[in-house]
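Given chain A, put chain B in place with the hints provided.
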Amino acid sequence: MSTFELMSKQVMAIHGSPLPDHFRDQINYIEKELEEDSSKKILFAMPQSAGDVFLSTSLFRSMQDTYPEYNIYVATRLEYTSLLEDNPYVYKVLLWQDCMAAQAIMMGSSEWKGFFNVFFTPFTVTQTEYMNYIRNGQDKIAFDLRY
Amino acid sequence: MHLVETYALNCGLKIEKPHIKLEEIELPEKKYITLHTHCEKGTARDYKNWNNIALELVSNPNFDFDIVHIGNIQSERLIGCNDKYLGKTNFHQLAYLIKNTHLHLGYDSLPVHMASHFSRKMVVLYNAYSQHSYPYWSNPEDIRLLEVDYEKEGRPAYAYTDPLDLMNKIEYTSVVNSVLELLGIK
Numbered sequence: 001m002s003t004f005e006l007m008s009k010q011v012m013a014i015h016g017s018p019l020p021d022h023f024r025d026q027i028n029y030i031e032k033e034l035e036e037d038s039s040k041k042i043l044f045a046m047p048q049s050a051g052d053v054f055l056s057t058s059l060f061r062s063m064q065d066t067y068p069e070y071n072i073y074v075a076t077r078l079e080y081t082s083l084l085e086d087n088p089y090v091y092k093v094l095l096w097q098d099c100m101a102a103q104a105i106m107m108g109s110s111e112w113k114g115f116f117n118v119f120f121t122p123f124t125v126t127q128t129e130y131m132n133y134i135r136n137g138q139d140k141i142a143f144d145l146r147y
Numbered sequence: 001m002h003l004v005e006t007y008a009l010n011c012g013l014k015i016e017k018p019h020i021k022l023e024e025i026e027l028p029e030k031k032y033i034t035l036h037t038h039c040e041k042g043t044a045r046d047y048k049n050w051n052n053i054a055l056e057l058v059s060n061p062n063f064d065f066d067i068v069h070i071g072n073i074q075s076e077r078l079i080g081c082n083d084k085y086l087g088k089t090n091f092h093q094l095a096y097l098i099k100n101t102h103l104h105l106g107y108d109s110l111p112v113h114m115a116s117h118f119s120r121k122m123v124v125l126y127n128a129y130s131q132h133s134y135p136y137w138s139n140p141e142d143i144r145l146l147e148v149d150y151e152k153e154g155r156p157a158y159a160y161t162d163p164l165d166l167m168n169k170i171e172y173t174s175v176v177n178s179v180l181e182l183l184g185i186k
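These protein sequence lines are chains A and B, in that order.
Under this note's numbering, the first residue of the first sequence is numbered 1, with each subsequent residue one higher.
Under this note's numbering, the first residue of the second sequence is numbered 1, with each subsequent residue one higher.
Bound-form chain A, shown alone (with noise of 0.2 angstroms):
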C-alpha cells in the first residue's frame, strides 16, 4: 500500500471521506525529498511572501540550538526558495505543497507516522482570515526574544 493510499484509509475510517486525488503528486513528491533522511526532521512552513520568509531565516540559528538532533526542512512557494539559498541552518528547502496545510498528514494520525517530528506553522497565525498579530499596535511582550 502506497503512503497515499495508506493516508486515504486513514481519513476514510476518521473522517468518511478519503484524500482528494491531486494530494496523490504532492504527497509522493515529499516522500521522495525525504527519503535519503533517517533523522528526526522538522519542517518550518512559511508559504509566502519575501518578507515573511526573510524574517523566518532570524529563526533557524535558535531551532539548530533548541533542536540540535533534527535536521531542518523549510516550506515555501518556488518565487521565494532562493532567499533560504545558502542558509547554514536549513538542510533542505522543500516546494509548498496544499497538502502541507493538513498537520495530521505531516505529523502523523493514527496508523500513520508522519513525515515530520516536529512541524512549525507560524504562517497561520499571521496568513489566514483570523490576523491573530494584529493588536491596535499596543500588546507587548513581557520577556526577551532576542538570541
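Treat the hints as calculated values from the structure; they're not laboratory data.
Computed from the model, here is a short list of chain A residues facing chain B with C-beta under 7 angstroms:
#, residue
1, ALA50
2, PHE54
3, THR57
4, SER58
5, ARG61
6, SER62
7, GLU85
8, ASN87
9, PHE120
10, GLY137
11, ASP139
12, LEU145
13, ARG146
Here are the simulated DSSO-like cross-link-like pairs (lysine-lysine), alpha carbons at most 30 angstroms apart as the crow flies:
#, chain 1, residue 1, chain 2, residue 2
14, B, LYS186, B, LYS169
15, A, LYS92, B, LYS41
16, B, LYS21, A, LYS92
17, A, LYS92, B, LYS88
18, B, LYS41, B, LYS88
19, B, LYS17, B, LYS41
20, A, LYS92, A, LYS113
21, A, LYS140, B, LYS169
22, B, LYS21, B, LYS99
23, B, LYS99, B, LYS14
24, A, LYS113, B, LYS14
25, B, LYS41, B, LYS169
26, B, LYS41, B, LYS152
27, A, LYS40, B, LYS14
28, A, LYS140, B, LYS14
29, A, LYS32, A, LYS113
30, B, LYS14, A, LYS92
31, A, LYS40, B, LYS17
32, B, LYS186, B, LYS84
33, A, LYS40, A, LYS9
34, B, LYS30, B, LYS84
35, B, LYS48, B, LYS30
36, A, LYS140, B, LYS152
37, A, LYS92, B, LYS99
38, B, LYS30, B, LYS88
39, B, LYS41, A, LYS140
40, B, LYS41, B, LYS21
Using N, Cα and C, we set each Cβ at its ideal position, and we do this for glycine too.
Relative to chain A, chain B alone:
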C-alpha cells in the same frame, strides 16, 4: 507585536539576525540611495507622491546622490531616478544593492527588512501600524517611520485596498525632510 516576534512566539524560538546570500553586481558609480515604490499586491500601498519626492530631492543642490529605483519592472518611472536596476535584480543582488546604499526609502516591504539587517538608514511609509513590521534590527536613530495618526484618520484596512487611502495622507514634504535629515543635508 512585530511579525517576527509573532513567528518566534509561535515556534518557541529566539530571534537572531536574518540570513541572505549576497551576489555582487556592478554598483552605481555615484553614492546612492535606494527607492522602492511599487507594490504588486493591490492599491493600499500605492503612494501617489513618489514623483514629487524624487523631484524635490534631485532639485536640492546639496543632494549629491543617485536615486536607484528598485522593485518590479512595472513600477512607474520617476523623474531623475536611475531605473537601470528596476526589475533586473534577484533577491541576492537586491540584498547586495541595499547593503551598499546610503539610505533606503520606500513602503513597508522586503527591502525594508533587508536594509534593517544591514543597518542602513531608512525612511519607511506605512499604511498600517508600524509596530507590526518596523525595521526590527535597526538603531532607532537611523530610521524614520511615517504613518498617519490612526485615532484621527481612521483604522488601517488590513487589506490590499484601503478605502481611507491612509498612506496618501502622509505629506510628501515630511518624506523629503526625513531623507534630507538622515543624510545630514540642510
